[in-house]
Amino acid sequence: MIRRFLRRTRARLHALAVPVAPYRVPVAVLGALLVVVGSWSPWATFSGFAGKMTLAYPGGARLYTLVLAAAVALAFVPLRGRRVAGEIAGLGCLGLALLTTLAIAKEGGGLVNVAWGAWVTIVGAVLLLLSLLSLPEEEGDEPARLPDGPAFGQLVGVLAILVTALVVVVEGLEIPSAGQFLAYLAFLGLLAAAAAKLGVFEWLQRAAERHRMITLTAALLAAAAFPFTQDGSNEWVRVGCSVGVFAAAAVGLNIVVGLAGLLDLGYIAFFGVGAYVGASLSGSPDSNVRLNLVFLVVIAVGAIFAAVLGVLIGAPTLRLRGDYLAIVTLGFGEIFRIAANNLDGFAGPKLTNGPNGIPRVPNLNLFGFDFGESHELFGITLGYFANYFFAELVLLAFVILAFVRLNNSRIGRAWVAIREDETAASAMGINTVNMKLLAFAIGAFLAGAAGTLNAHVTTQVSPDSYRFDESVLLLAAVVLGGMGTIGGAILGSTLLLVLPEKLRFFQEKRILVFGIALILMMRFRPEGIVPNRRRQREFHDDLSGADATSAPPGAPVVST
Amino acid sequence: MTQFAQQLVNGVVIGALYGLIALGYTMVYGIIQLINFAHGEVFMVGAFGGLFVWTRVIPDGTPAGIALPLVLLGAILTSVTVALIMERFAYRPLRNAPRLAPLITAIGVSLFLQELVRLYYPRCSAADTVGESIPRCGVTQGREYGALTDQQFPSLISGPNIKVGGVQIPRVSIFVVVVAILLMVALSAFVRRSRTGKAMQATAQDRDTAKLMGINTDRIIVVAFVLGAALAGVAGVMQGLQVGTVGFKMGFLAGIKAFTAAVLGGIGNIAGAVLGGFLLGIVEVMATQYAPHPFSGGAWRDVWAFVVLIVLLVFRPSGLLGERVVSRS
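Chains A and B, in that order, are what the protein sequence lines are.
In case it helps, my numbering puts the first sequence at residues 633 to 1192.
In case it helps, my numbering puts the second sequence at residues 157 to 485.
Incorrect hints may appear among the rest.
[Unchecked claim] Over the 12 Å line for every Cβ pair with chain A, so calculated as not near, a few chain B residues: (1) Phe160; (2) Gln189; (3) Thr218; (4) Glu300; (5) Asp306; (6) Val320; (7) Gln324; (8) Val334; (9) Ile337; (10) Val399; (11) Gly403; (12) Phe415; (13) Leu469.
[Claimed, not checked] One-sided excerpt, in silico: chain A residues whose CB lies under 8 Å from chain B: (14) Val650; (15) Val652; (16) Arg656; (17) Asp955; (18) Tyr956; (19) Ile1151.
Think of the hints as simulated: they come from the structure by calculation, not from any bench.
All C-beta atoms, glycine included, are put in the ideal place defined by N, C-alpha and C.
With these hints in hand, go ahead and build the complete structure from the sequences.
Below you can see the structure in the form of C-alpha cells.
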C-alpha cells in the first residue's frame, strides 16, 4: 500500500518536472551554484544557533547540504541505479535545508530570523531536484553490480571505508547538541542510501569477503585507533567498551538467530551465567566462592558452563518446532533472573547474594599487566577503560572469526539449510537436532565468554542487568543491523548503545521506539540495514521473482 | 487437609485466569500457527481499559452492580480494538513471510504496547498514593500521563469471605471462576455449533481448502483474534479485581504462563487450553506450598511454572489433549 503510494507520488512529481526537460542541464548548474553560494552565506540573523551557523565557513547542516548537492552529480554517472541515487541525494539536500530553516525559525522566534543564505540554498535544492526528476524514465532502479576490479583496488576501497568509518564515529561523538547529531545521522544515512543504490556496498562486501583476513585485521586496527582519538578521556571509551561486549554477544546471537534461524529470547541469561561465573571466581571479597583463578581459565569456565546450560535447555526443545524454543528460552531467561535473585542464603543456597549481586570485582591483571591503570603510548594518554576496550576487541575478533569460519563450513551450510527448510535439510541427511543443538551451544559459549569479561568491565554483577529487556535489546541489534551478517550485528549494537547516550531526550522512550522499529523493520526491510544477500532473497523472493519476469528480454537479471 | 483444600481453591482461581488467556493463544495458533506473543499485552491493555472506564467515564456513586458490566465492556472494547489494529497492520502483511518475521513483530508489538501504557496512560493525578481508595477523576479533572507504577484497581465485589469447612473463599474468586467457566462453555458452544465457529474449524484444518469452500479466511482469522482479545480483556479486569492493582508489566508473565497452559493442554485445542490453565494454576500454587525447602515459597513460584513447561516438552510435546505436533516447514 505504502509502496504503491510512493510510486504514484513519484510519477506525479515526474509529470510536474516535464517542462524543465529541455533546460535540464542549465537548471541543474544554476541549482548547484545557488546551493554553493547559499551554503557559504549566513543562514541565521542571530549568532549562537547550534554552533557556527552564522559564520561564512559552512559547518554543520550547511556542509551536509553542500555535500549532498555534490552527490546529486551521481545521477550523471553512467551506472545503473544512478537516477534513484541522485534523487535520494537531492531530496535529502532539500529536506535537510528545510529542517534546518525550521529549526532556525523556531530558535529565533520566527521566519524573519532566517537569513538569505538558507532561502538561496532551498531554491537551489528545488532546482536541482526538478532537473533530476526530468531525467527520462529508464530501466535501472535495481542497484547496479559494479565490476570487481583489481585486488589492489578492492583493498584500497575496503581500507578507505574503514578509515572513513573511524572518522565518522569520532566526528559524530564530538557533536554536542542532539538536534545536530540527528542531522548528522540523517546526512550519513542519505549518503549511504545513495551509495547503496549504486551498488557500492555490495561491491565492498564482495571485496571484504575476498580479502577476509586483511579486512578483519584492518577493521580491528581501525577500532583500536579509537581510544587514541579521545585524549585520555574515559567517557566515550567506556561506551565503546559496552559496545564491544554487546557486539560480541550480538555476533554470537547472530549465529543462533541469523544462521540457524532459532529464535533465542533468553540469550542474555547465558551472558549473565558467564558474568556470575566471572565475578564469583575473580577473587572479589563479596564472592561466595573462595577461588581465584587466572582469568584465561575463568573465561573458559564461564563459557563452557554457559554452553552446558545451553545444551540442557536446548536438548528437550530443539526436537520441536522453533516456536517452542522461543518460549522456553524466554522462560529460561526468567528462571535465571529469579534464581540469581533468590540464591542469597535465605530463599536458597548462598551463591549470588540475591538482588545485591556481586560488587567489587577487581580489575583484571594479566601477566602482570594491570588493567586498572592508565597508560601512555606514542605520547598519547589512554584512560584505563582503553585497556578493557582492547581486551574486548580481542574477544570480538575471536567471536567474528568463529562466525566466519562456521558460516563458511559444512556446519554453516547445514544451519542455513535447516533455517530455510528443515524437512528438506533432514532429507538431505543433515542431523537437524544435533546441528541446531550445536548452534545453540556455540551461541551460549560465546555469550558466556563475553559475560565473563564484562563482569570485570562493569566491576559488579546483579540480577537486574539480565532482564528480558536486555535480551530484546540484543535481538533488536541483530534484527535491525541485519540477520546473518557481522557488519549488521556490530552496526546494530553501536546504534542501539550510542543513540541513547547522544540523544538524552530519547532515553526514556527508547524501548517504545525499538518496538516500533522492530515492527516496521519486519514489515518493510526484514533483512536489516546490512543485508545478507542470501537472506535478502529469502525475504523478498516474491519481489525478485516479479522483477525477473517483468524485465525486458536481454536485460541483465539479478545474478548472485 | 484444610491447607491443601485452601491451596486448591487458590490454584483454581489463578488457573481460571490462565485458561481464559490461553484460549486466545490457542485459537490464533490453531488457525494460523502464529504464537501471538503480544497476547499478554492485550490482556494488560484490557485491564487498563477497564480501569479507565471506572476512573473517568462512569459518574461517582454508580453502584457496583452497574459499574462492573460497564468496566468489563470497556476492557473488552479496548483489547478488541488493540487486537484488530495489531492483526491488520502488524500480522496480516506478514502472513506469507518466513517464520521468524511474525515472531519478531510480535515482540515489537508487545514492547510497544507495554511502553505505550507506561508512558501515556492518562491516569488521575492523585492516583499514585497507594493504599487510599482510588479517586474517580471524571473527564475534565487533572490528569498525568504514564502508569509508571502499579495502579490501584477498584474492588467492585466486596463482602466477607465465604467459609466452607475451614476453607476461606473470597467472593471475588467465586465470581472469577464462575465467569471464566461460563465464558469457556460459551466459546466452546460457539465454535462447535455456530456457522462462524464451524468455519473456524474448517480454516484451522486446511486454510486453502476452506477458502475454496467459500469461507472468507481473512475474516475468520480476525474473528479468532477478536474472540481471544475479548476473553483476555475480561481476564484483565478479573485479575485487577482479584489482585487489587494493575501494572504495565502484568501482561508479560501472564502471557508466558498462559502460553505454557496452552501448550500443557495441547496447543490449538480449546478444551486443552482450559484444562491446561487450571492444571498449571494448581501445580504452581501447590509447588509454593509443598516443594522441598529452599525452593518453596512465592519467590520460586514462576520457576516452577517454567519447569513444568520444560518437563512437559520433554515427555509429551503435543500436550495432554493435543494431537501429534506436525512440523510445518
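Each hint tested on the structure:
1. Phe160: Consistent with the label, Phe160/B stays out of reach of chain A, its closest Cβ about 23 Å off (over 12 Å).
2. Gln189: violated (8 Å)
3. Thr218: Correct as stated: the minimum Cβ-Cβ distance to chain A is 34 Å, above 12 Å.
4. Glu300: holds (15 Å)
5. Asp306: Given that every Cβ of chain A is farther than 12 Å from that of Asp306/B, nearest at about 17 Å, it holds.
6. Val320: With a cut-off of 12 Å, Val320/B remains clear of chain A, as the shortest Cβ separation is near 32 Å.
7. Gln324: holds (26 Å)
8. Val334: The assertion about Val334/B holds, with a minimum of 30 Å to chain A.
9. Ile337: Since the minimum Cβ distance to chain A is about 26 Å, Ile337/B lies beyond 12 Å and the statement holds.
10. Val399: Since the minimum Cβ distance to chain A is about 19 Å, Val399/B lies beyond 12 Å and the statement holds.
11. Gly403: holds (15 Å)
12. Phe415: violated (6 Å)
13. Leu469: The assertion about Leu469/B is violated, with a minimum of 5 Å to chain A.
14. Val650: Interface hint status for Val650/A: violated (34 Å vs cutoff 8 Å).
15. Val652: Result: violated, 37 Å to nearest chain B Cβ.
16. Arg656: Given a least distance of 39 Å, the restraint on Arg656/A is violated.
17. Asp955: holds (5 Å)
18. Tyr956: Since chain B brings a Cβ to about 6 Å from Tyr956/A, closer than 8 Å, the hint holds.
19. Ile1151: holds (4 Å)
Of the numbered hints stated above, those contradicted by the structure are hints 2, 12, 13, 14, 15 and 16, listed in ascending order.
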